[in-house]
Every structure is written in C-alpha cells, then in structure tokens.
Amino acid sequence: MIKKIVLALAAICASIALFIYVHYLNANTDYSNDVEVEVQEATSVHFDRYGVPHVYAQNAVDAYWAMGYVTASERYFQADIMRRIGKGRLSEVFGEATIEADKLFRTLGIADHAKRSIEKLDKNAPFYQYTTAYLKGFNQWVEEGHTPLEYSILGVEKEKLDMTDLMAISAYMAYNFNGSMKNDPFIHQLWSDLGEDYMAVFKDSTWQIPNYGEFHSEISIDMKKIDEVFESLPFDPLLASNSWAVSGSKSKSGKVLFANDTHIRNSLPCTWYEAHINYPGHNFYGNFLPGIPFALIGHSEQHTWGLTMLKNDDSDFFIEHCNDELNVYLNNNEWHEFDVRNESIAVKDKENIELEIKKSVHGPLVNEFIHAEDQEPISFHWNYLKFPNNLLEVFHRLNHFHTLESAQEAASMIVAPGVNMVYGNNKGDIALWSCAKLVDRDSTYSQVFLPGTGEYDIKNYLDFEYNYKSINPEDGIVYSANEDHGEFNNHRPQGDYSSDLRANAISAYLYGKASFDTEDFKELVFSVEDKNDQEVCKKLLTFLEDSQYPEEQEILEKWKGNYDKNNRAPILYQNWKYFLFKSIFEDELGADNFARLIARLEFKKNYQKVIFNHENIWWKNQAHSLSQKELIQMAFEQAIGNVKDKLGEESEKWNWGNCHQAFFEHPIGKQKPLDKIFTVGPYPCSGNATTINANSFTLDESCNYRVFSAPQMRIIVDFADVANAESILPVGQSGNPSSDYFDNQAKDFLNGLWRTMEMKEKSEWKSGKSIVFKPIK
Numbered sequence: 054m055i056k057k058i059v060l061a062l063a064a065i066c067a068s069i070a071l072f073i074y075v076h077y078l079n080a081n082t083d084y085s086n087d088v089e090v091e092v093q094e095a096t097s098v099h100f101d102r103y104g105v106p107h108v109y110a111q112n113a114v115d116a117y118w119a120m121g122y123v124t125a126s127e128r129y130f131q132a133d134i135m136r137r138i139g140k141g142r143l144s145e146v147f148g149e150a151t152i153e154a155d156k157l158f159r160t161l162g163i164a165d166h167a168k169r170s171i172e173k174l175d176k177n178a179p180f181y182q183y184t185t186a187y188l189k190g191f192n193q194w195v196e197e198g199h200t201p202l203e204y205s206i207l208g209v210e211k212e213k214l215d216m217t218d219l220m221a222i223s224a225y226m227a228y229n230f231n232g233s234m235k236n237d238p239f240i241h242q243l244w245s246d247l248g249e250d251y252m253a254v255f256k257d258s259t260w261q262i263p264n265y266g267e268f269h270s271e272i273s274i275d276m277k278k279i280d281e282v283f284e285s286l287p288f289d290p291l292l293a294s295n296s297w298a299v300s301g302s303k304s305k306s307g308k309v310l311f312a313n314d315t316h317i318r319n320s321l322p323c324t325w326y327e328a329h330i331n332y333p334g335h336n337f338y339g340n341f342l343p344g345i346p347f348a349l350i351g352h353s354e355q356h357t358w359g360l361t362m363l364k365n366d367d368s369d370f371f372i373e374h375c376n377d378e379l380n381v382y383l384n385n386n387e388w389h390e391f392d393v394r395n396e397s398i399a400v401k402d403k404e405n406i407e408l409e410i411k412k413s414v415h416g417p418l419v420n421e422f423i424h425a426e427d428q429e430p431i432s433f434h435w436n437y438l439k440f441p442n443n444l445l446e447v448f449h450r451l452n453h454f455h456t457l458e459s460a461q462e463a464a465s466m467i468v469a470p471g472v473n474m475v476y477g478n479n480k481g482d483i484a485l486w487s488c489a490k491l492v493d494r495d496s497t498y499s500q501v502f503l504p505g506t507g508e509y510d511i512k513n514y515l516d517f518e519y520n521y522k523s524i525n526p527e528d529g530i531v532y533s534a535n536e537d538h539g540e541f542n543n544h545r546p547q548g549d550y551s552s553d554l555r556a557n558a559i560s561a562y563l564y565g566k567a568s569f570d571t572e573d574f575k576e577l578v579f580s581v582e583d584k585n586d587q588e589v590c591k592k593l594l595t596f597l598e599d600s601q602y603p604e605e606q607e608i609l610e611k612w613k614g615n616y617d618k619n620n621r622a623p624i625l626y627q628n629w630k631y632f633l634f635k636s637i638f639e640d641e642l643g644a645d646n647f648a649r650l651i652a653r654l655e656f657k658k659n660y661q662k663v664i665f666n667h668e669n670i671w672w673k674n675q676a677h678s679l680s681q682k683e684l685i686q687m688a689f690e691q692a693i694g695n696v697k698d699k700l701g702e703e704s705e706k707w708n709w710g711n712c713h714q715a716f717f718e719h720p721i722g723k724q725k726p727l728d729k730i731f732t733v734g735p736y737p738c739s740g741n742a743t744t745i746n747a748n749s750f751t752l753d754e755s756c757n758y759r760v761f762s763a764p765q766m767r768i769i770v771d772f773a774d775v776a777n778a779e780s781i782l783p784v785g786q787s788g789n790p791s792s793d794y795f796d797n798q799a800k801d802f803l804n805g806l807w808r809t810m811e812m813k814e815k816s817e818w819k820s821g822k823s824i825v826f827k828p829i830k
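In the working numbering, the protein residues as written are 54 to 830.
Do not take every clue at face value.
[As the list claims (entries may be wrong)] Keeping only pairs whose Cα atoms sit at most 30 Å apart, straight-line, the calculated DSS-like set for lysine-lysine is:
no., residue 1, residue 2
1, K189, K830
2, K277, K173
3, K613, K725
4, K173, K213
5, K401, K411
6, K403, K439
7, K706, K618
8, K584, K303
9, K584, K401
10, K682, K584
11, K613, K699
12, K697, K211
13, K611, K673
14, K635, K657
15, K235, K168
16, K189, K411
17, K618, K673
18, K591, K278
19, K401, K235
20, K729, K401
21, K584, K213
22, K682, K725
23, K618, K591
[Stated by the list, open to error] Label-pair distances were calculated between CB atoms; the ranges are:
no., residue 1, residue 2, range
24, P735, K613, 21 to 31 Å
25, S465, F579, 58 to 68 Å
26, N543, L247, 25 to 35 Å
27, D753, E690, 24 to 34 Å
28, K729, E572, 30 to 40 Å
29, L515, S459, 37 to 47 Å
30, F665, K439, 49 to 59 Å
31, K439, E508, 15 to 25 Å
32, E421, L515, 45 to 55 Å
33, T185, G643, 27 to 37 Å
34, S496, I524, 41 to 51 Å
35, E508, P333, 33 to 43 Å
36, E172, K673, 56 to 66 Å
Treat the hints as calculated values from the structure; they're not laboratory data. Fair warning: this is a prediction, and the values are worked out from it, not measured in the lab. Every residue, glycine too, gets a C-beta built ideally from N, C-alpha and C.
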C-alpha cells in the first residue's frame, strides 16, 4: 500500500512537472516574426543582445501600437497585476489571500477616480491618440499571443486592458509612493501610547500635535493586520532614488552630464521595461512602466530627465466626530450624512465579498483597513484622489518636448505622487524641480490623526512657485536623494523625507572636484562609504574599556565606514547598533513595535539624539540602572556573541556579502518549488540603505540581512556622446522565465558593469532578432 501511494504521488509530481515544463517552453516571445496587423505602414522592432526593443515606424500611431504589442508580449503579467491591485481585483487571481488588499483599493475608489479622470481628457490630443494605439497593440497580443506561464499555473485567463486599467496602474504607482497608509497609524498609536516626552525626539520641534479637545477618543490600531495587507501585495512599493546633473562648466566634455538610479523593492520582473522608439521627428529611449505608453524616465538626443521620490506628506487621516448611531458626522458646525456605495469583490473559487463603503468630506472611512473597528470613524484624505489623473499627458510632454520651459511646464502639472525631477539638455541647461500639489499647511504635525471637525481640514494648495526648484545654478550642480529641501519661498512642506546622508555624500563628491566625466560618475554611483556610521562607531568605541573581544574591537577601530561586500566590520557594527537599540527602546515598545520603529526614516534620522544623551527619557526604563558606558559595552559583547553564534568563530566568514544578499522574487516564486523557476539570486551585495549605492535591509539579530530594496536601473548620459549613453537593469528585460532576457543582466549589474543604450538608425541593425508588423492586405 505504501509503495502504491509513493508511486501515485511520484506520478502526480511528474505530471505537474511535465505540465509546467511544457508551458515553460511555450511561454516566450517570438523575437523573429512577420505579422499582419492593424498598422498603417510597415513597422519593425529590432531586439538588441539584451532584449531591448527598438521600434521603427513611419508615424507615431504605428510606433505606439507596436510598443503596446511588444510590452504585452514581455510584461503582460506585471501590467495585469498592477492594474488588478489598483482596481481591487487581485482575489480573482490569488483567492482569499488578497481579499484585504482588494478591500483597501476598492475603498480608496481608484476605479471610479479613473473613470472621472478619463471624462476630462482631451480625446483629440496626441497623448490620447497614442495611448489608444498602445492599447490596441497591447490587446492584439492578448488575443493572439502565448499564454504566460503564470496563467497556466494559476488557471486564469488573460484579459484585455482599457483606459481605466492604465489609470489604475498609474494610481498604484502613486499609492506606492505614499507611505502614509502604513506610517501614520503607527506613529499615531505610538504618540497615544507613549506621549510627547518619548516621541518628540522623532519630529521637528516646530511641528505641533493637534488639539483634539472634547471630541478625541483613544484609537486602538492593530499594526500586525496592517502589515499583513501590505505583505499580501504581489509587487512591493517604490522607495527612494538618486539623481544628479552637472552643467558643461563642471564636465570634462563641456556638455551636461546626468545620472539617475531609482531605488525600488527587488522583484521579478524588474520594475522598468526599457525601449527605444523612432519615427520621423522623434528618437527617444526610455524606462517604461509596463502598461503606460510613455516613459517615466528617459532621454532623446536633445534632453533627459530622471526622478526621485519627493516624499511630501500628501495624505491625512481624520477622526470623524459622529452621533451615537454613527450615521452622521460633524464638520464645520454642521451635521452631514456619509456618502455610501457598495462594491462586490470576486474571489477565485469562493463566493463574492460584498463591501459597503462610506465616505466623508475628507475621504473614505478606513477603520476596517487599519483595524480600528467599533471606534470613531476614521477617514483617509489623499491628494491624488482630489484631482484628475493627468500623468499620461505629463509624461507625453516629457517624452516629446525637449526644452527647459516645456519640462518645467510638465513638472508644474504633477499632482501626485510627489517627485523630484532632475533635468538636463544639449543646450547646457540643468534643473531640479520638486513636483507635487503641495498642501498649504500650518505647523500642525500631520503624521498623526487629525480631528475631522473642520479646523484641520485641507483648505488650500500652494501654487507651483512655492515648490523647491534650482534652475541653472551658478555652481553648475543639481542633485536629489529624497532629502528635505528645507524652506523655499517661505514655505517648508512636511514629509517623510530620507536622511540627508546620501545627499550629503553626493554633494561632497560633486563639490569636491573641478570637473567630471562618465567614469567619475560611475565611481560616485558605486560609492559604499557611510561616513555617518563611521563617526557613530568612533563615538561608541570611546565607551569601551577592557573589552573581552580585542580583535573585533580592533576591526571596528580601523573601519572607515566602508560597506564593501568583503569587509568584516559592517556586520559587527550593525549588530552592535541593533543590541544597543534593543536595550534602550524595546521595553517601552514591545518586540513588534520596536522592529517597526527602528525601520522608520524618522528613527534613522534621529536615533543619535537618544543613544548619546543619557538624560533622554528613553534611557529611564526598567533595568537601566546601568550607566550609559555599561550599557554600550554590554551591547557590544552581545553583538559579538551573536555574530559568533550565527556565523561561526572564524572571522573570515563575517564578510558583509555573506550576510547581505539580494534576491529577486516573483509573486509566484514565493511558493516552493516554483522558486526554482521564478527566483533569481542570492547575490552578495555591498552598501547599505544610506550609502549612495543603496541596498536596504531589515535590521535584526539574524545576521541574515536580505536586501529588499536596491537600485532598479542605473543611467548615465553625457550630451557630448548621447549615442553611447549607458544603462543597466538588475535582472533582465523579459518577464518570461524561459526567455534568454529574463535575468541576463543580473551578474553584470552586481559586478558594476554597464551597457550602451543603443539609438542606432534602422539601417545600422545588420543582424539580430526582429519582428516586422505589416498592414493587413
């Protein structure tokens, strides 16, 4: 009987393996083909040796039709999942695991916002016509192309996309740039639990906690449940970035020199899809988000631009004051009824979920999402939903118009997500604009929940003149690394800004040399020195006396803050810092909230105010009769003991790259044994979250620091030689695991290599793979 069962299981496993293998082989793009389609004139797509498509057409409509077709053939699953996230339709594919995520996005009302935005679009404008062509090409592939492996495994069918789906994809992008949905509930809970004496160190002293008055009630939030919703999303959020440019006065070529690298969570397929589009009057190379016809980052022979996150605070939670029945709420001394709508969420292999959504003047009620049920209604205000989505028009302008003035006009149109745009052109102009519809706030600290009775409502938005900008500065340098730009034009917007460590390192390098070429920029891109960590380590070392670990102490004393993957000091320092944090902060917070706090940007920017000030209230806790010196020394000994326990006694094994490694994981690759097909890595990584070559990890005592966010492309453009501008992606162009281009750039990326972004004339492609689209006879 046992033998029969084993043989039966083996036969089932073999059948499944054969099924997957057959579909694996068939789920790939045909890179050499002639197709009769609905183009006006013959259009060709040449694939270079990295799988980047080069689209050559006689007119714009055909070019974007071909771009849609090719994008779908390589990244359909990615585009499909992003639009499903935005519309709250994940559960149709993934079943019960994503119901809460669907509830959240249905509650936000992105699909309805998309419809209202489309109504306001100029249907005769070129951007609308090109988008329509892109959708037609995309959907022709959906009708005729192969079935991606993911759909064979999941047992679902492909669907065509429409204009609302493109809006949903851009909405998901905007949501990914917004950290408030996760950060504000956590910060509010800590302020409620601990009070200002503990929490004031983590905010600017000029920002004031709101006066809740008689309407305030304690809000209890289940952060674990919120975390689970975010963890259920198949694609993870965008995080940070670097970008800089110098004018001809600072470049060895005498022309503008530009760089950009976007820091996004590691994933498969990777975020960006590169493509080159050429038709009469337009020759452009860009990084596209699959499903969006216009590049979010790119360059022509005349101009270039890159993006970093602005991280301005563009959303708020409001505590609504209601009557006892919770059916009306008070705002500006008047009682209002909630708007109500109903949604039905389809769930794979289950009954539909019926959802009632209530909305106040501020936005939808989100108690269920933040797990504050049976409490006062809490609404969510998000700038993105207050204005029509115009991102298609914005990025069409950036793709097609080349001047400084046209770029600034496009920058001024961006509402959300907030971004910093670094720009350069062949005329010698450079610029940096902060792009967002900024809220005209007073000094109220906006990262806690606000009373919804009216006095804290958002009443005005600032004109673009109040957004930070630097246009052709005299020193010939612009740069952005998600830092706080400070006050500009008498206004300083609040936000969840990154520390200024990357920005300071970029600034020091750019102001430290007279001139630069592409090799200098590459050196800067790969910098893994953290001078701040070096200084903190030096300060901590002054507290050590008679250490029982003199060899490890010497390693740290010689450390220059370098996070090279072959360096031993980083693992010692990070463990020391972790155990010191644990001793000071965990007893007030508990283990879960301690882990959340030390991951926050505000903590990373301000922790030194606590650890080097023994008078700070965080030190006044349970067993801390120990002196500052004794506690720091105890944390050092705990750290070394932990490293030896986790990695072994031999210090040669303590190299940073052995502990700090990158994986690129596909949503389906989370299930074994599919990880063998859908996961790339691990790869040892240099750097940390605050080095210019940023590779972020979660700090804990595991000594297994999985890199969850890293540069997802690198670009350098010298306008003295635009034809040889360089780039690299972290894995590959294709989303099809059986493609030669699925992960063919990974090793080059991690070894610091680059490739040319080819902008050849059509006649220069002597060989290679090509698709030719011919008009239907």
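Hint by hint, here is what the structure shows:
1. K189 - K830: Distance ~18 Å between K189 and K830 Cα, so the pair holds.
2. K277 - K173: This hinted pair is violated, its Cα atoms lying about 40 Å apart.
3. K613 - K725: violated, 41 Å
4. K173 - K213: It holds: about 23 Å lies between the C-alpha atoms, which stays within 30 Å.
5. K401 - K411: The given pair, whose Cα atoms are some 26 Å apart, holds under the 30 Å limit.
6. K403 - K439: violated, 34 Å
7. K706 - K618: Holds, at about 11 Å.
8. K584 - K303: holds, 25 Å
9. K584 - K401: violated, 51 Å
10. K682 - K584: holds, 23 Å
11. K613 - K699: holds, 24 Å
12. K697 - K211: violated, 51 Å
13. K611 - K673: violated, 33 Å
14. K635 - K657: With a Cα-Cα distance of about 14 Å, the restraint between K635 and K657 holds, given a limit of 30 Å.
15. K235 - K168: The given pair, whose Cα atoms are some 27 Å apart, holds under the 30 Å limit.
16. K189 - K411: violated, 36 Å
17. K618 - K673: Measuring from Cα to Cα gives roughly 38 Å; hence the hint is violated.
18. K591 - K278: Violated, at roughly 40 Å.
19. K401 - K235: holds, 27 Å
20. K729 - K401: holds, 25 Å
21. K584 - K213: Cα-Cα ~51 Å, so violated.
22. K682 - K725: Answer violated: K682 to K725 is near 47 Å, above 30 Å.
23. K618 - K591: The hint holds at about 21 Å.
24. P735 - K613: 21 to 31 Å: The hinted range 21 to 31 Å holds for P735 and K613, with Cβ atoms some 26 Å apart.
25. S465 - F579: 58 to 68 Å: For F579 against S465, whose Cβ atoms are near 34 Å apart, the range 58 to 68 Å is violated.
26. N543 - L247: 25 to 35 Å: holds, 33 Å
27. D753 - E690: 24 to 34 Å: violated, 18 Å
28. K729 - E572: 30 to 40 Å: The hint (30 to 40 Å, Cβ to Cβ) holds, given that K729 and E572 are roughly 39 Å apart.
29. L515 - S459: 37 to 47 Å: violated, 22 Å
30. F665 - K439: 49 to 59 Å: Roughly 43 Å apart at Cβ, these two residues miss the hinted range, so it is violated.
31. K439 - E508: 15 to 25 Å: holds, 19 Å
32. E421 - L515: 45 to 55 Å: violated, 33 Å
33. T185 - G643: 27 to 37 Å: violated, 53 Å
34. S496 - I524: 41 to 51 Å: With Cβ atoms ~29 Å apart, the hint is violated.
35. E508 - P333: 33 to 43 Å: About 58 Å separates the Cβ atoms of E508 and P333, which means 33 to 43 Å is violated.
36. E172 - K673: 56 to 66 Å: With Cβ atoms ~58 Å apart, the hint holds.
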